Amino acid sequence: MRNRAQIERIEVPVPFPRGSTNCYYIPGSTPTMVDTGVNTPYAIESLHAVMRKLGTRISGIRRIILTHGHTDHAGLAGAVAAISKASVFVHHRDKRKALAHSGEKSRENEVLFRGFFDEAGVPIEIAQKTTKAILNRFRKHLSPLSDVELLEGGEIFSFDLFKLRVFHTPGHTAGSICLFDDTNGVLLSGDCLIEDVIPYTFAELENHGDLPRYYGLEQYERSLELLGALPVRSVLPGHGTPFAGHGELIERVKHNWAQRRRKILDILAAEKEGNGGAPGISLYEATMRLLPNASREAWLYMSLSEVLGYLEILEKEGLVRATLSGGQRLYHLK
2 MRNRAQIERI
12 EVPVPFPRGS
22 TNCYYIPGST
32 PTMVDTGVNT
42 PYAIESLHAV
52 MRKLGTRISG
62 IRRIILTHGH
72 TDHAGLAGAV
82 AAISKASVFV
92 HHRDKRKALA
102 HSGEKSRENE
112 VLFRGFFDEA
122 GVPIEIAQKT
132 TKAILNRFRK
142 HLSPLSDVEL
152 LEGGEIFSFD
162 LFKLRVFHTP
172 GHTAGSICLF
182 DDTNGVLLSG
192 DCLIEDVIPY
202 TFAELENHGD
212 LPRYYGLEQY
222 ERSLELLGAL
232 PVRSVLPGHG
242 TPFAGHGELI
252 ERVKHNWAQR
262 RRKILDILAA
272 EKEGNGGAPG
282 ISLYEATMRL
292 LPNASREAWL
302 YMSLSEVLGY
312 LEILEKEGLV
322 RATLSGGQRL
332 YHLK
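Going by my numbering, the sequence shown opens with residue 2, and the numbers climb by one from there.
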């Protein structure tokens, strides 16, 4: 699908529940891909076929811009760059995700995930199985990528007929970005805004040195405020069909998040009453009560991250406190 800004939407198949990822091809003197899809033979064949239909080839791509580092968006970046010699751009907070295929990064990620699951109170067998599945996904679905150019936010990518400004919109990941064409009012939102989805944040496991602690859901809310103030006419999302009315979607998302925070408080209140005020519950227990289907390994890390975001906001609001006990972080109603 081509819109007024001459941006082609390419649906690249992915072996995940949503079925496809939207990648965007922008022709012209500097042919550019925004996101690439996942690294599977079917996905690369599909991308080759679509590019031929557009009268061009993958080898002609000169820039790849990643909205974030998840495998369904960044997985083919290395393969496409190897074919085209294109420069790959990603926000510096998502660099590790985009490069997670390498052996060194894989070992580091294993330590990070196991530490997260241990502190969350995930049973050891489930933690081991889930960690293995996540690392296998990285190895299988991320093509090798050794060199990226890092974004901060505020950069401008120029095209023949318009420009795209980079907005750092942390929340879904710490390094998520959106791209905005203010001439035509077109927003490429990655996974920050999807019409039929209440978005979620992923816990940030790595230490970013001197940067302040990353509170995913709190940052996501700030990002939505930023996007809500933009004069957006149409949204080109990372999944699903383009849509208008981003302001209404943002209000629905914020309402849903507030409802879930209230449910978390109810869960903690019931736990406090049932146990005489002690000892609190783990992130894993809270997640299982709020999201009973989260035990499936494909959803566990995502679900734990979502509930952690609610708990972090409640903790900062002074409604919840967290304590460490035997290596687990337990949450209590104040």
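Some clues are possibly wrong.
[Claimed, not checked] With a straight-line Cα cutoff of 25 Å, these simulated SDA-like cross-link-like pairs (lysine to any residue) come out:
hint: 1; residue 1: K317; residue 2: L334
hint: 2; residue 1: K264; residue 2: F244
hint: 3; residue 1: K255; residue 2: F181
hint: 4; residue 1: K130; residue 2: E111
hint: 5; residue 1: K264; residue 2: E249
No wet-lab data here; the hints were simulated from the structure.
Quick caveat, the model's predicted, so the values are computed rather than measured.
Now the hints, each set against the structure:
| no. | hint | result |
| --- | --- | --- |
| 1 | K317 <-> L334 | holds (13 Å) |
| 2 | K264 <-> F244 | violated (30 Å) |
| 3 | K255 <-> F181 | holds (22 Å) |
| 4 | K130 <-> E111 | holds (12 Å) |
| 5 | K264 <-> E249 | holds (23 Å) |
Hint 2 alone, counting from the list given before, is not met by this structure.
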